[in-house]
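There are 4 protein chains.
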Amino acid sequence: MDQVNNDALLPWQWPEDTWRGLVNKARAGRTLRPQSWPGGAPCAVALSFDSDHETNELRDGGKSIGRLSWGQFGNRVGIPRVEKILDRYDVKASFYVPAVAALLHADEQRRLVAAGHEIGIHGWIHELNSVLPYEAERDLMMRASDTLTSITGVRPVGMRTPSWDFSPHTLRIAVEMGLEYDSSLMADEDCYELLLDGKPTNVVELPVEWIRDDAVYFMMQRFGQALRPYTPPTDVFDIFKRELDYALEEGGLFQLTMHPHIITARSRIWILEELIRYAKEKGAWFATHAEVAAYARANAA
Amino acid sequence: MDQVNNDALLPWQWPEDTWRGLVNKARAGRTLRPQSWPGGAPCAVALSFDSDHETNELRDGGKSIGRLSWGQFGNRVGIPRVEKILDRYDVKASFYVPAVAALLHADEQRRLVAAGHEIGIHGWIHELNSVLPYEAERDLMMRASDTLTSITGVRPVGMRTPSWDFSPHTLRIAVEMGLEYDSSLMADEDCYELLLDGKPTNVVELPVEWIRDDAVYFMMQRFGQALRPYTPPTDVFDIFKRELDYALEEGGLFQLTMHPHIITARSRIWILEELIRYAKEKGAWFATHAEVAAYARANAA
Amino acid sequence: MDQVNNDALLPWQWPEDTWRGLVNKARAGRTLRPQSWPGGAPCAVALSFDSDHETNELRDGGKSIGRLSWGQFGNRVGIPRVEKILDRYDVKASFYVPAVAALLHADEQRRLVAAGHEIGIHGWIHELNSVLPYEAERDLMMRASDTLTSITGVRPVGMRTPSWDFSPHTLRIAVEMGLEYDSSLMADEDCYELLLDGKPTNVVELPVEWIRDDAVYFMMQRFGQALRPYTPPTDVFDIFKRELDYALEEGGLFQLTMHPHIITARSRIWILEELIRYAKEKGAWFATHAEVAAYARANAA
Amino acid sequence: MDQVNNDALLPWQWPEDTWRGLVNKARAGRTLRPQSWPGGAPCAVALSFDSDHETNELRDGGKSIGRLSWGQFGNRVGIPRVEKILDRYDVKASFYVPAVAALLHADEQRRLVAAGHEIGIHGWIHELNSVLPYEAERDLMMRASDTLTSITGVRPVGMRTPSWDFSPHTLRIAVEMGLEYDSSLMADEDCYELLLDGKPTNVVELPVEWIRDDAVYFMMQRFGQALRPYTPPTDVFDIFKRELDYALEEGGLFQLTMHPHIITARSRIWILEELIRYAKEKGAWFATHAEVAAYARANAA
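Protein chains in written order, with my numbering: chain G, 18 to 318; chain A, 18 to 318; chain Y, 18 to 318; chain V, 18 to 318.
Please note: incorrect hints may appear among the correct ones.
Which copy? The list can't say, so a pair holds if one copy fits it or any two copies do.
Unchecked claim - With a straight-line cut-off of 30 Å between C-alpha atoms, the simulated BS3-like cross-links for lysine-lysine are:
#1 LYS216 x LYS258
#2 LYS258 x LYS101
#3 LYS297 x LYS109
#4 LYS80 x LYS258
In short, the hints are calculated from the structure, not lab data.
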């Protein structure tokens with residue numbers, strides 16, 4: 018792909034090579050949907066929490082004391098409330114933690130690992146990958162992995178890009194680092210193998226979706242973009258439950274992305290508990306993202 | 018209309034010729050609402066899917082791997098899920114496909130045509146017509162038609178402008194190409210004849226409406242415009258059903274625009290199935306946009 | 018108020034004269050809430066329709082054929098649907114019509130006046146008053162009044178500023194034109210007298226509210242501001258009904274602002290009909306804005 | 018923290034000192050959640066109203082007559098409607114009033130204080146603290162305190178920053194002024210002690226949350242940011258009630274922020290009344306923010 022040519026032309030003027038090259042950069046390959054789940058479970062449930070805490074504001078300059086306090090809420094109130102529920106139902110989940118958030122709240126990460134949860138890579142300070150040069154992105158991702166390892170004693174095997182912002186270099190870096198999976202893309206509802214410039218990478222994609230992200234409905238941004246928590250919690254529960262019901266019907270994967278300072282609000286935390294209770298009742302297999310990815314790769318149809 | 022004059026003045030300073038000229042550019046003429054539908058059906062139902070796939074991101078530069086993966090979802094999961102439902106209820110529908118999306122997914126288009134569905138023109142790479150010079154718009158629309166024809170073996174008879182962005186030249190080009198209908202405008206709920214600078218064109222308009230478009234309620238845009246899927250699926254179903262009920266009451270046309278990567282989500286696909294089931298039960302006439310346009314022109318009251 | 022001084026300083030640096038002057042420009046004076054309504058009705062209902070039609074797009078340059086077709090829908094489908102309902106329940110209402118929309122659709126205005134409805138001033142081409150110099154605003158408002166008079170044979174006695182955009186000169190111009198009322202401001206739910214720089218004007222304000230405006234919930238804007246019709250019609254009905262119920266309880270005024278291309282959609286028109294039916298059942302007094310304003314002035318407590 | 022260094026680097030390039038310094042500027046310290054509430058009440062309820070009135074528009078230049086009239090509504094209709102309900106249920110609440118709003122509506126403030134309610138500091142003209150130099154912020158906050166004192170005869174003991182916009186200097190100024198509490202931050206749901214650069218200040222934080230703010234769901238902004246009151250009142254009630262129910266379950270604090278021109282609309286005022294009725298029925302302790310802060314400090318577990 019000739020980048021110079023690409024940038025000089027408008028998309029409707031591009032030659033076929035240009036748009037084919039872009040589409041093939043990082044793409045879904047063969048499906049990794051297993052024929053059955055462990056113990057004959059009717060579906061798999063992979064819960065995840067992006068523990069951004071103060072980095073949500075730091076990445077933008079860190080000037081708002083109010084938003085920094087919102088970040089602290091995630092550690093002070095949010096994570097303990099999540100831990101209580103996961104413990105009550107004996108469910109293991111995945112936490113994606115920017116390195117700076119892990120350094121600010123090292124005890125939280127150790128406690129989670131001790132309880133059997135997974136900690137995955139989530140950037141250095143929740144930076145956007147797509148505006149970074151390759152070297153900086155690579156350096157930050159490696160330092161993030163090292164930081165999490167030195168705090169928890171366990172090296173992460175998977176990642177989620179901050180804001181699901183996957184750059185043209187992200188997959189190549191993941192391959193170089195030997196990561197087993199990513200969870201930031203959306204080409205399917207079930208796991209698949211990622212292709213780099215058309216070639217299989219052995220990296221599993223455990224797909225996300227905006228539909229299954231609490232921030233989509235509940236985020237508040239006072240200035241700039243007009244984001245407000247317009248959707249009532251009862252409707253958000255209904256949406257998540259419909260996603261889960263169809264996964265049960267198909268024998269597929271139900272993956273959910275949450276944020277400690279969002280889902281744990283007193284008016285919302287019941288959504289998480291009720292989903293877990295309902296899926297448990299149906300016999301779903303609960304697992305960390307790492308476990309789901311490993312199982313999917315080992316048991317692809 | 019003196020374009021120079023027009024551009025130098027503010028709208029409240031325009032002479033009457035200016036605003037009359039703008040209003041008359043492409044306007045609704047005589048109604049083409051038939052007195053009755055085939056077989057005495059109580060209403061007509063025209064379902065459409067805009068299969069934009071990766072062109073949704075390519076048209077804007079193609080830099081987001083995440084949004085490209087969303088586009089691939091349309092082909093990988095979305096269209097097969099739509100096909101299954103249309104097949105189950107034996108319903109034929111219309112698919113509007115940018116040429117680049119058709120080239121990326123040629124098999125999909127051939128499969129749809131083989132099953133009796135219609136493929137209509139939807140631009141080259143989902144470009145905005147209103148920012149193109151006449152020559153470029155004309156060239157892209159003609160190449161799009163040729164591309165679809167060479168892939169499917171059938172020449173399209175109708176079009177939908179990408180983003181419903183109808184330029185001052187679009188109607189003239191449609192006339193030059195001998196197209197039978199367009200489906201991008203909103204001056205009525207039933208078919209009508211389009212006037213070009215006040216003169217009948219014989220081109221049928223099969224009107225759309227934002228109200229009957231899934232993306233309006235469900236679109237997500239992380240950066241830039243703050244779009245979020247705030248409206249619960251149950252409410253979207255209620256809106257679509259009210260539109261359908263009134264069409265049934267009036268003996269009119271119920272037209273619906275959907276997108277493969279949006280309506281097929283596990284929490285939403287039931288909306289489509291339930292609408293079809295309900296309209297079938299009421300005895301509605303299901304037809305492609307081309308069939309509705311042809312029938313409306315032949316049977317205008 | 019020293020405008021130069023005002024513009025050179027930031028609001029928190031303003032002297033008291035500056036902010037007092039701004040607040041006093043056009044303000045609510047004595048209440049004109051009557052002790053009772055004609056015939057002992059429990060409340061008054063004033064329905065209004067802003068018949069902007071194509072001027073909604075013309076005011077911004079008139080370049081979108083799609084939005085112009087949306088405007089034509091207002092005349093072609095919207096107003097006839099409204100007329101049918103008003104006629105069925107024998108209700109008189111007020112239509113605010115930009116002069117250009119009246120010139121494009123003169124028959125519509127004559128038909129409405131013949132049926133006993135009111136036509137009020139709504140600018141020349143739906144321009145924003147606050148960006149006009151005094152002379153231009155005055156000229157456009159006077160020409161608008163003359164245009165409506167020459168089309169319908171009746172001189173308007175009231176006005177609604179386009180987009181409720183009331184400039185610092187609007188009230189002065191209304192006084193100069195001898196208008197009896199305005200309906201664009203929000204300092205109360207019942208009628209009041211407007212003060213110009215602190216002095217009574219004898220002009221009645223018949224207040225509006227965003228809460229009682231269909232466009233607030235239903236407007237769609239594809240580009241620029243991210244407006245989507247996120248609120249379900251059933252909820253919009255619930256909001257309007259709660260406003261009406263409280264007016265019934267208080268013996269106050271229920272004023273509603275609608276738009277022909279918005280409220281008349283097949284999935285929404287029932288809201289208008291059901292509100293009328295319900296208020297009729299409760300014995301409400303239906304009147305045009307001109308009638309309510311005249312009654313309020315003559316019967317202020 | 019080296020500010021020069023900080024500004025020259027992008028957040029992902031910051032040294033550890035920089036992000037640690039930002040996070041520590043004003044942070045949550047020890048919890049001040051009491052073991053029990055007065056009289057063994059199951060929870061505390063702290064209602065607040067931000068009486069911004071015309072300052073909502075004046076702070077932005079004061080050019081919109083319409084938005085100024087909206088502000089006047091707060092004084093003319095809103096506050097009296099609130100007073101009636103608080104009086105009916107014998108509930109005391111806190112009103113945060115910009116000095117300019119207090120000067121425009123001095124009688125309102127005196128009436129509220131006479132009825133036993135609290136008036137707290139809310140800036141001079143609802144300015145944003147984060148764009149002010151330290152000296153200006155300090156001067157405005159002190160003049161605001163003096164103005165409220167001279168109008169009501171009572172010196173405020175607490176504050177709420179306008180728009181919850183807490184600058185890096187706000188806490189230091191609050192300490193210098195000897196304020197007992199702030200109510201603008203969000204690191205917890207219960208009271209806590211604020212730390213300034215890591216050191217205890219003895220200032221109580223009585224936390225707010227966007228979730229418990231009426232403007233979040235109901236604000237309307239015609240131009241600029243696309244804010245619309247998309248969430249139905251019944252859903253807003255449901256959200257507030259869920260927050261209250263969980264506070265009851267935990268024995269915590271339920272704090273609510275409202276605005277006189279928003280919550281008092283005829284279709285919304287029932288939300289406030291119904292919440293009070295429900296909490297009264299449950300035996301909650303209603304108190305002003307000042308009373309809650311004092312009790313929390315005196316009875317921290």
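Hints, verified against the model:
1. LYS216 x LYS258: neither (36 Å within a copy, 46 Å between copies)
2. LYS258 x LYS101: Both, since 22 Å and 23 Å are each at most 30 Å.
3. LYS297 x LYS109: Only inside one copy: LYS297 and LYS109 sit 13 Å apart there, 40 Å across copies, limit 30 Å.
4. LYS80 x LYS258: neither (38 Å within a copy, 33 Å between copies)
When each numbered hint is compared with the structure, violations occur for hints 1 and 4.
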